[in-house]
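**Student:** Residue numbers (the numbering used here), protein chains in the order written: chain A, 1 to 259; chain B, 1 to 233; chain C, 1 to 259.
Be a bit skeptical, because a hint or two may be false.
What the hints assert, rightly or not - Straight line, CA to CA, 30 Å or less: simulated DSS-like cross-link-like pairs of lysine-lysine:
{"#": "1", "chain 1": "B", "residue 1": "157", "chain 2": "B", "residue 2": "177"}
{"#": "2", "chain 1": "B", "residue 1": "157", "chain 2": "B", "residue 2": "28"}
{"#": "3", "chain 1": "A", "residue 1": "67", "chain 2": "C", "residue 2": "206"}
{"#": "4", "chain 1": "A", "residue 1": "237", "chain 2": "C", "residue 2": "38"}
Read the hints as simulated data drawn from the structure, not as lab findings.
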Amino acid sequence: MSGIGMENKPKLVDENGRRIDGRKLDELRPIRIEAGVLKRADGSAYVEWGENKVLAAVYGPREAKPKHIQNPARAIVQCRYNMAPFSVSERKRPGPDRRSVEISKITGEVFENVLFLEMFPRASVDIFIEVLQANAGTRCAGITAASVALADAGIPMADLVPACAAGKIDGQIALDLKKEEDNYGEADLPVAIIPRTKEIVLLQMDGNMSQSEFETALNMAIDACMKIYELQKEALKNKYKGEQEVEREEVQTPKQEQR
Amino acid sequence: MEERKQMQNVATRKIVVPGELLMKGHMKPGVGTYARDGQIFAATVGILNVHGNYVNVIPLSGKYMPRVGDVIIGKIIDVAPTNWLVDINAPYPAPLHISGTPWRIEMGETQKYLNVGDMVLCEVEAVDETKRVMVTMGKPGCKKLLGGEIIEITPTKVPRVIGKGGSMINLLKNYTKCRIFVGQNGRIWIEGSVEQIAIAILAIRKIEEESHLLGLTDSIKNFLEEKTKNLTQ
Amino acid sequence: MGEDIVSEIMREYLQQLAAKGTRVDGRKLDEYRQIEIKKNVISSAEGSAQVSIGNTSVLVGVKVELGEPFPDTPNVGVLTTNAELIPLASPTFEAGPPNEEGIELARVVDRGLREGRVIDLEKLCVAPGEKVWIIFVDIHVLDYDGNLFDAAYLASLAALTCTRVPASAQGMGEDFPLPLNGLPIECTVVKIKNAMMVDPALDEEKIADVRLTMAIDENGNIRAVQKGLAGSFSVEEVRKVISMCQVCSSKLREILKSS
């Protein structure tokens, strides 16, 4: 896909259907999600996804600045996806490049689908995704993290958004490609969905797939999104689990709160 | 026996996350929820709360959203000839007009009364449909704050610092001998001697950090007892 | 909103506290917040460390690549230090190329490392005038709650102590640890009215009149200095800062060594 010389291409799927890291074709890399990891941000989340390490922070809703970007009817979503210079094997020059600008744009658009933006006219919801260590699939890890960070920030939203890619390696459809598979594989298809409705809110592809391969990959990615959704919920419940048990005398009902 | 008593005293609350199905049927969607296809879903992370006919989610995080009548602590961030701009720890700053103050102010004399960096106790007077907020100091108790210290806590933890029927705040006041005012927007004004304020702040930070632990009132009471003992000697 | 505007009440209170030799979090004036150092946290970097001082958190990744030496120092490796105050870390940080604060931070860290001769750059020459190892120290601020200088410096130093030069990937023998000379430590002191304190937290930093950062080596010698903010020091006060930094730097060095 990325024009790397194919002469060194390793075998990506062995005769038993196992991949270079031992995974089955429809198996995810190990994923760990933690909510609320930063002090200053209004909401935050950290995701380790295979060898990816991604941090997301959310600020807002806050007054959108400069004023001319404000929308009088609803909040705007501003997203910045950024890769740390040391996140890849060859040092990346700091600052945005065309790839990260594009990913920032489509990631912001993903969350316009679920946030109740009309509740916050003239405001901005700012999402910052920092890739600290990259190994293919960082945009999906970023969306997964940002979604947890938005919920952690207490911003009203219809649902969490999990994301995952599927692709094609050695002619077979496989889930969640890692770096070597992405480099030497035939196609990659990142997907994000709204779990409650199964609406697709992110869809990209590069490579070459037949229609039936495409559909198989899409369904495989959607199934994986539902698994990641469970991890997202777990991370949030885990952060707030302490609030579950409270002495009766200390419980505040909303009515008393408004006193 | 003692243990059993404690057990009975514990309430278990359900934590929900956005998108989670809360209720089917004919209940009404309240705060922190939304309805689709005759079902009610959570819109924020929070605690499920059914109140009368309404299903609510009491948020566990999030910005302060002003409501009319809230008494809050604001920070003056800009001065204009007939009004000030007040940061109220919400997504939007709020104007304070000279007519909403206890003073008779000539146009252009606003700086004589309140300047950038001053803190005021004020009330939310109006919130319109586009979330424009107006605050006023024309209500009883409203004033420019002088002395003491102001700290910020997560606005959703305000009820914990107050405690049921004011139990926690009274504990703080009694032990530290400070005057304490908790603004609905998460800002707390504490007035007393430097040492007394220092103890009150540490205690409030402890409440904030340990708000989920059982026996919070007792642990704060012990903390205050220990700290204030040195104070009086 | 209004983040940069200091409340006068807070200014007066912190000044009163400082005059009495205490601080809002209960610390003494010569006391640091809790320091945590985690090394080797990023596998895509040749060396890395995450350092937190209280709620301030900084991640540093070191990349080591082959490149050309500077014409005036053909036998010497190259050290490049860069800092990004990414908007994830604070509501007051903005996206975009490094601003004055970011550049000052990078330069102050760089000065401590360079003038302290931390890296033995002479040993990083491969072919005089043609090829040397280039050390990129990239400072990524994750959570900003005051005293970035000390956190960024400590993280940079910690990352360098676990950096390995990737010689094998270049067919140049085995990887080897970065040759280091010593461990000078940077400490920062601020003056609030007449009181001087180390490791200012964010609110203290906001109301500080003047700031002084010093790199102190194992012998107690001064290797780099940076005075910042609009205020001034008397000679007597500078002397006091030196002795405060001498005491604190050896404590911080012990923490680094045992990490």
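**Student:** Hint by hint, which ones does the structure fall short of?
**Tutor:** none
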